[in-house]
Amino acid sequence: MTIIDKTFDPSEIEARLYAHWEASGAFRPARPDAQPFTIVIPPPNVTGSLHLGHALDNTLQDVLIRYHRLKGRDALWVVGTDHAGIATQMVVERQLAESTQGTTRQAMGREAFVETVWDWKRTSGSTITRQLRRLGASCDWAHERFTMDEGFSKAVTKVFVELHRQGLLYRAKRLVNWDPKLKTAISDLEVEFREIDGMMWHFRYPLEDGSGFIAIATTRPETILGDGAVAVNPDDERYRHLVGKRCILPIVGRSIPIIADSYVEADFGSGAVKITAAHDQNDYAIYLRHPDAGIPLINLMNPDATMSDACPPDYRGLDRYAARDKVIADFNALGLLDKAEPHRHQVPYGDRSGVVIEPYLTDQWYVDAATLAQPALEAVRSGATQFVPKTWEKTYFNWMENIQPWCVSRQLWWGHRIPAWYGPDGQIFVAEDEAGAQALAGPDVALARDEDVLDTWFSSALWPFGTLGWPDETALLARHYPGDVLVTGFDIIFFWVARMMMQGLHFMGEVPFKTVYCHGLVRDASGAKMSKSKGNSVDPLVLIDKYGADALRFTLTAMESQGRDIKLDERRVEGYRNFATKLWNAARFCQSNGIGGQGIAPPPATQAVNRWIVGEVAKTTAALDAAIAAFRFDDYAETAYQFVWSRFCDWYLELTKPLLAEGADAGIAAETRIVAGWALDQILVLLHPVMPFITEELWHRLRYRPYDLILAQWPQIAFDVDEAAGEINWLIGLVSAIRSARTEVNVPPGAKLSYIVADADAATLARLETHAPSLAWLARVTAGAARGGGVQVVHSGATYTLPLEGVIDLAAERARLERNALAAEKDRDGLANRLASPGFVERAKPGAVDKARADMAARGAEAERLRAALARLG
RNA sequence: GGGCGCGUAGCUCAGCGGUAGAGCACUCGCUUCACACGCGAGGGGUCGCAGGUUCAAACCCUGCCGCGCCCACCA
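Counting from 1, one number per residue, gives the positions in the first sequence under our numbering.
Hints are supplied without guarantee of correctness; some may be wrong.
To be verified - Straight-line Cα separation of at most 25 angstroms, BS3-like style, residue types lysine-lysine; simulated pairs:
#, residue 1, residue 2
1, LYS158, LYS173
2, LYS529, LYS514
3, LYS390, LYS567
4, LYS183, LYS173
The hints are simulated quantities; they were obtained by calculation from the structure and are not laboratory data.
Using the sequences and the hints, build the whole thing.
Take a look at the structure:
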């Protein structure tokens, strides 16, 4: 026990407590007899630094983990980082370029470059994990993993080899999305389409027989150099006579066929489409549909999107956009440029590089995603895995039902190198290591390993079991797979969630997690997406420095309402910092009053206030349980906030002050100290999942504890307190009513008044007697003798008169009573109307009718009392 | 071209069939012995629009209007 300081300083306690928790092993699963509770973290990129999206994602996970730990589960939060192939390689390459030597990876060579990246990882790769600690994330750091650590790499290789052996992973030559800046293939998901204001050019190609021209329209003139056909719609009357003929490709001079394909829309452009099979997905599909047309596949470009040697000599080496200009100029010179018109259309960009993607014909490795998707679809249909909110299941289904082969090879150096070896004739040998490949190939075959690495998401997909030791059959794997919940942003459902589902089901035979909780994006206060370039991004660490980690966590939790995007306003963080201060001060007050009670079971209580607060703790606990069960983080925060501030601080602590005052009954005071201490302890437990630091600190400052709050026990209360609740709610209502009346007729706040009660029943009189000290303290009224008129307070079946010397403000009092009477009458009449309306009594639920009748009677009686009071005023 | 979501108090959002809620902001009081990052009392909404179902609709249905996102091979 330590004296609670006058002010709460989060920065002082956070680092100390976190280090203590981590060192004491509190984050590690250590309850072999308890039911496990498992979450795997979405591994942040090693290159990453904590942004608000991480802060939200990990706060929610930590709330779940800490809650279930308090509930007695054997909680494990698996943590680690992702090697993030492209992102990391780009970071290190940039550093090389900016370094004094100004070198490139090509100049260094592969081996040296990869070693440099490892060096970078060792020295700079722990930024994000340090920042997660500042947030308070209770991950099991002792088991921290990295997607390229030895064990995980073993899992990646094993999966590749197995899928290949099963025919679910293969090498093929196809059009891929080629990133000319990064000089690698990327998957469909890594392409983002942007709508741009471009141009569409119309060009004429002369018919081979000299009988005229056929006009085509294109947005990409540079690809004309690789045209292999012109296609028209088979039903297009304008072109029917040309189908089967040939035309001459200008500039190049090649003779190409005119073919018919229903893909072509007659009423778009000129109705005739140039076919460049090696540089356009649609054209490639046409090429496949017309194997007899002799359409050539001409690779026009080099990997950096300069024009290749397949182009006419004066185009070779030109950038693709320079080539575009030259094609237009050449057509214009030939008199074959019909027109150029503005055209708004979608252009593919690489999501990492930001350059225009080129469809490019290369050999790549593909995963047969359509086959793997089937069990993954079924698992969600059957409910083995459930999305929260459920609406994301539609998104998942829609994508999985139309899933395309997944290109998993990347022409990078940083990543898991593909375990495939090639013989002299190009035969492929896939094995876990070179010896295995050699065994497949035979002893004298010279082998060369595939130069490429795997898509980062190929390895991320194995995270839920790769981190637990797979392919070894470890105890950890047996105990913690499948996980309970995955918490992630909806934006990576395709990239990551779907792929974990596929790989988890395929290799483990079970879903990787039972629930997928998808949250939204964190935006700025005006709803704009946060970005560094826009300058509107808020650094969570700055917020933590300013308001404390607990305040930030509480804000994010309170604002998380089932997947909706969060517009973060710093004032909210400030507000919840105030809440932390409130809690701190409440604890300080308790400590100064000798309040302290330790124990899990609620202490016996005789006093209504004490019985009432026990009941409030019970109700709150149940509401918090329900909120977690429903993944309603906002409800959790809201419920806890209201309980602590509006119930415990505003009423309970105030109501106990008279009981603890000098001269109060010693027995009652003792009981109150124990109950208040117990209730405060429960508050610390209930708030701990969201505000771990301040609660742990208070836990220890209030008194000696044999264990940390993080490992305490969630309240378990079975306690019926209905009659106490009724009594205290009556008292709260009466105090509130008197305060309102006092304010409205401008009674000075400090003025002490007497009251005369009329028409009260015996129970009410008894309550007035019992709670006289509270009424004196909170409402500043004491029972007095009748002395004529004054302020009239109508409350719950009795009328109270607060006599005032020469009534201060008669007009205000009359207006107040009139207003209250009208409100009561309006309610009464509304309910009467409803009860009188045809069908209500017959068709409404019985409870609704009874409630309406009771409410109508109560409001009616109140109206009458108010009218009577008005009459007395004259 | 499909699909999804959102429009409730000045702001940010809950509520999703029974008399409109929270936080912040706002107004008026208050050096009340835990807390001015506070205490007390207030003001403020025809729940986007129009129909329909129902005894009863912010809540269910239909259609509009306005925002946002995702997916998609019209060159």
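Right, here's what the structure says about each hint:
Note on LYS158 and LYS173: the hinted pairing holds, with a Cα-Cα distance of about 24 angstroms set against a maximum of 25 angstroms. A distance of roughly 30 angstroms separates the Cα atoms of LYS529 and LYS514; the hinted pair therefore is violated under the 25 angstroms criterion. Between LYS390 and LYS567 the CA atoms are separated by roughly 22 angstroms; this keeps the pair inside 25 angstroms, and the hint holds. The hinted pair formed by LYS183 and LYS173 meets the criterion: a straight-line CA distance of about 17 angstroms does not exceed 25 angstroms.
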